[in-house]
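*Asks:* One-letter residues, chain by chain:
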Amino acid sequence: MASITATDTVAAADALHVESPARRAWRRLRRRKGAMVGLTIIVVFIVLALLAPWITPHDPLKQSWSLVRKAPSAIHWFGTDEVGRDLFSRVIYGARASLSAGTISVGIALCIGVPLGIIAGYIGGWVDALISRITDAMLATPFLILAIALAAFLGPSLGNAMIAIGITATPIFIRLTRGQVMTVKVEDYIEAARAVGNPKWRIALFHILPNILPPLLVQATLALATAIIAEAALSFLGLGQQPPAPSWGSMLNSAQRFLTNAPWLAIWPGVAIFLAVLSFNLLGDGLRDALDPKER
Amino acid sequence: MSVANDTTTPLLRVEGLTKHFVARRSLLGQPTATVKAVDGVSFDLRAGETLALVGESGCGKSTVGRLVLRLIEPTEGAVYFEGRDIFGDNEAEVRARRRNAQLIFQDPYASLNPRMTVGQILEEPLALHRVVPPGRRKERVGALLATVGLDPAHARRYPHEFSGGQRQRIGIARALAVEPKLIICDEPVSALDVSIRAQVLNLLRDLQRRLGLSYIFISHDLAVVKHIADRIAVMYLGRIVETADADALFTAPRHPYTRALLSAIPVPSPGAHRERQILQGDVPSPIAPPPGCHLHTRCPHVIDRCRRDRPDLVRDPTGHATACHRWQELPDAGQLVPREAVTGQTLEKLQAAFVTAAD
Chain A
1 MASITATDTV AAADALHVES PARRAWRRLR RRKGAMVGLT IIVVFIVLAL
51 LAPWITPHDP LKQSWSLVRK APSAIHWFGT DEVGRDLFSR VIYGARASLS
101 AGTISVGIAL CIGVPLGIIA GYIGGWVDAL ISRITDAMLA TPFLILAIAL
151 AAFLGPSLGN AMIAIGITAT PIFIRLTRGQ VMTVKVEDYI EAARAVGNPK
201 WRIALFHILP NILPPLLVQA TLALATAIIA EAALSFLGLG QQPPAPSWGS
251 MLNSAQRFLT NAPWLAIWPG VAIFLAVLSF NLLGDGLRDA LDPKER
Chain B
1 MSVANDTTTP LLRVEGLTKH FVARRSLLGQ PTATVKAVDG VSFDLRAGET
51 LALVGESGCG KSTVGRLVLR LIEPTEGAVY FEGRDIFGDN EAEVRARRRN
101 AQLIFQDPYA SLNPRMTVGQ ILEEPLALHR VVPPGRRKER VGALLATVGL
151 DPAHARRYPH EFSGGQRQRI GIARALAVEP KLIICDEPVS ALDVSIRAQV
201 LNLLRDLQRR LGLSYIFISH DLAVVKHIAD RIAVMYLGRI VETADADALF
251 TAPRHPYTRA LLSAIPVPSP GAHRERQILQ GDVPSPIAPP PGCHLHTRCP
301 HVIDRCRRDR PDLVRDPTGH ATACHRWQEL PDAGQLVPRE AVTGQTLEKL
351 QAAFVTAAD
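Listed in order, the protein sequences are those of chains A and B.
Residue 149 in our numbering sits at position 149 of the first sequence, and the numbers go up by one each step.
Residue 236 in our numbering sits at position 236 of the second sequence, and the numbers go up by one each step.
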């Protein structure tokens with residue numbers, strides 16, 4: 001009996017080894033509760049944002065002087081804001097602006113920061129010195145000030161706000177990537193990759209990048225949260241989402257004047273930001289573990 | 001090396017190889033101190049032969065290995081592979097020529113990419129050098145794993161799922177994938193358990209016989225080298241101080257440094273009497289090596305000339321070469337190493353037990 005079980009276990013283990021790396025990562029991700037909760041919330045948010053015109057009970061832009069700052073009720077589930085617009089509809093529409101502001105600006109930061117960081121860390125020399133000094137200069141400027149300056153320079157719109165936030169978040173990725181590359185590139189397996197005849201770009205792409213991915217993934221989820229909040233700040237200053245179109249950040253900012261007598265104005269967009277940021281962080285942690293071959 | 005063989009082109013000829021690393025720089029980036037890691041090293045290696053480079057850590061033996069593969073650039077000197085100067089190649093040629101010579105690393109835990117499966121690790125060199133058509137790569141990976149004594153089904157696993165000895169076998173399989181003529185083994189067994197060492201050494205010797213490989217075997221351990229090397233070159237502070245056929249070096253070591261290394265080999269018979277030659281002091285700093293003979297600060301036979309003149313590596317008709325002013329005057333080496341074997345009966349029994357257990 002014992003021997004049969006042992007053989008079965010071996011057979012099962014062999015069967016598991018036949019799967020592709022992507023399937024393997026997915027199987028491991030599914031076992032992580034936190035990551036799955038995060039993924040579910042993100043998917044729900046994305047579906048809501050995409051289907052917003054069909055599922056919102058009210059027009060998110062329609063004002064009504066008879067409905068100013070009404071508490072949540074059966075008709076207006078989340079209540080209404082200071083000009084009588086339905087908060088539930090605005091939170092759902094706001095997901096479009098906030099989620100895309102977060103993902104697109106982090107996408108921009110990754111697309112610029114990671115290649116530059118790899119170049120600086122792998123090539124070194126004066127190239128590294130140049131990239132690193134520019135990075136230092138950008139990091140010396142406070143995040144929001146730089147984002148505001150860039151957004152003002154580019155002109156007020158949600159798209160420009162995303163670009164501004166993306167560029168502002170880039171130096172952190174350059175710095176992080178460069179540091180990781182410098183620790184990985186002296187490993188024996190990188191020398192081994194050179195010894196079997198890999199060209200430089202292949203070493204960077206197939207040998208260094210997969211090994212520096214986990215900290216980048218975690219940093220990206222953290223940056224997503226920062227980006228959503230930065231978009232809120234820019235919207236507040238009139239440099240992000242243009243009124244009357246909603247974003248969670250701009251809703252939160254306009255709600256602060258009514259915190260004591262109409263707290264629901266701040267609570268719903270705040271909860272939305274909280275859930276989105278938490279979900280991205282949970283998913284990021286889960287992905288990092290699922291992609292690590294050493295994890296079971 | 002006999003005179004007759006000098007007329008044929010050796011597989012590898014190393015001439016006056018020198019590598020200086022910058023140790024300190026001034027504020028403006030000018031080098032103010034250099035480490036002469038390799039200082040005028042020359043040797044030949046014939047096809048199918050094993051040359052061992054032996055010396056203490058920091059003597060430059062690994063640097064020689066990296067230079068021969070052109071993983072680092074030399075300060076001076078030339079390396080001819082099958083008569084062609086490898087330092088004349090451009091980058092693409094260097095990559096193409098990586099097919100000729102491969103490297104096995106000391107640390108089997110650091111030398112395999114943890115994010116690649118064993119199959120991916122072994123397929124990469126096959127693809128880079130188009131060793132076999134794409135459709136037959138999987139099959140070749142299986143064959144390579146079988147060659148080094150692993151299960152072909154292991155290709156789907158990751159390196160961390162293997163033991164140190166198994167990982168070293170994977171490293172050997174990776175080196176074999178491109179069908180090289182020369183493999184540089186950089187301390188391939190010093191990170192392994194003693195029980196595994198013999199297995200890996202036997203595998204290397206087997207592969208050499210079957211595939212006609214040449215090895216440069218880098219080691220700090222003469223006892224290990226004795227079992228695999230045809231010729232031995234002893235290095236001290238970046239220079240070769242003695243080269244000879246393995247047997248000649250063990251039976252009649254000439255250089256005081258070689259003698260000291262040999263007398264440091266532990267012998268598994270506590271009662272055995274033998275002469276010990278223990279060098280005083282530490283290895284001098286390679287940034288400021290002593291003038292003349294590098295060993296003169298530690299050598300028991302030192303004379304004034306040793307402090308002044310650098311001794312040349314002088315080759316006698318048997319091919320035994322020594323870089324010492326006084327080697328002819330030195331007393332007979334005597335019983336530095338017991339003649340019969342470094343291993344004892346008990347040790348062999350112990351090793352045999354491990355080999356059987358592993359099967």
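Honestly, I wouldn't trust all of these hints.
[Stated by the list, open to error] With a Cα cut of at most 30 Å, we get these calculated DSS-like pairs of lysine-lysine: (1) A/K200 x B/K226; (2) A/K185 x B/K181; (3) A/K200 x A/K294; (4) A/K200 x B/K36; (5) A/K33 x A/K200; (6) B/K138 x B/K181; (7) A/K294 x B/K349; (8) B/K349 x B/K36; (9) A/K294 x A/K185; (10) B/K226 x B/K138; (11) A/K185 x B/K36; (12) A/K185 x B/K349; (13) A/K185 x A/K200; (14) B/K226 x B/K181; (15) B/K138 x A/K200.
Hints listed in this document are in silico derivations from the structure and should not be mistaken for laboratory results.
*Asks:* Decide if the proposed pair is consistent with the structure: B/K349 and B/K36, CA atoms, cutoff 30 Å inclusive.
*Replies:* 44 Å, violated
*Asks:* Can the restraint linking A/K294 and B/K349 be considered satisfied, given a maximum Cα separation of 30 Å?
*Replies:* 37 Å, violated
*Asks:* Hinted pair, alpha-carbon criterion (30 Å max): A/K294, A/K185. Please report holds or violated.
*Replies:* Since the Cα atoms of A/K294 and A/K185 sit roughly 20 Å apart, the hinted pair holds (cutoff 30 Å).
*Asks:* If you draw a straight line from the CA of B/K138 to the CA of B/K181, is it 30 Å or shorter?
*Replies:* Distance of about 23 Å is within 30 Å: holds.
*Asks:* For the pair supplied as a hint, A/K185 and B/K349, confirm whether the alpha-carbon distance does not exceed 30 Å.
*Replies:* It is violated: about 43 Å lies between the C-alpha atoms, which goes past 30 Å.
*Asks:* For the pair supplied as a hint, A/K185 and B/K181, confirm whether the alpha-carbon distance does not exceed 30 Å.
*Replies:* With a Cα-Cα distance of about 27 Å, the restraint between A/K185 and B/K181 holds, given a limit of 30 Å.
*Asks:* Holds or violated: A/K185 with A/K200, Cα cutoff 30 Å?
*Replies:* Roughly 11 Å between the alpha carbons, so the hint for A/K185 and A/K200 holds.
*Asks:* Check the hint pairing A/K200 with B/K226 against an upper bound of 30 Å on the C-alpha distance.
*Replies:* 38 Å, violated
*Asks:* Run the distance test for B/K138 versus A/K200: straight-line Cα separation, threshold 30 Å.
*Replies:* 25 Å, holds
*Asks:* Decide if the proposed pair is consistent with the structure: A/K185 and B/K36, CA atoms, cutoff 30 Å inclusive.
*Replies:* At roughly 24 Å apart (the allowed maximum being 30 Å), B/K36 and A/K185 satisfy the hint.
*Asks:* Holds or violated: B/K226 and B/K138, Cα atoms, limit 30 Å.
*Replies:* Given that 30 Å is the threshold and the Cα spacing comes to 37 Å, the pair is violated.
*Asks:* Is it true that the CA of A/K200 sits at most 30 Å from the CA of B/K36?
*Replies:* 28 Å, holds
In this structure, the earlier hints numbered 1, 5, 7, 8, 10 and 12 are contradicted, and the remaining ones agree with it.
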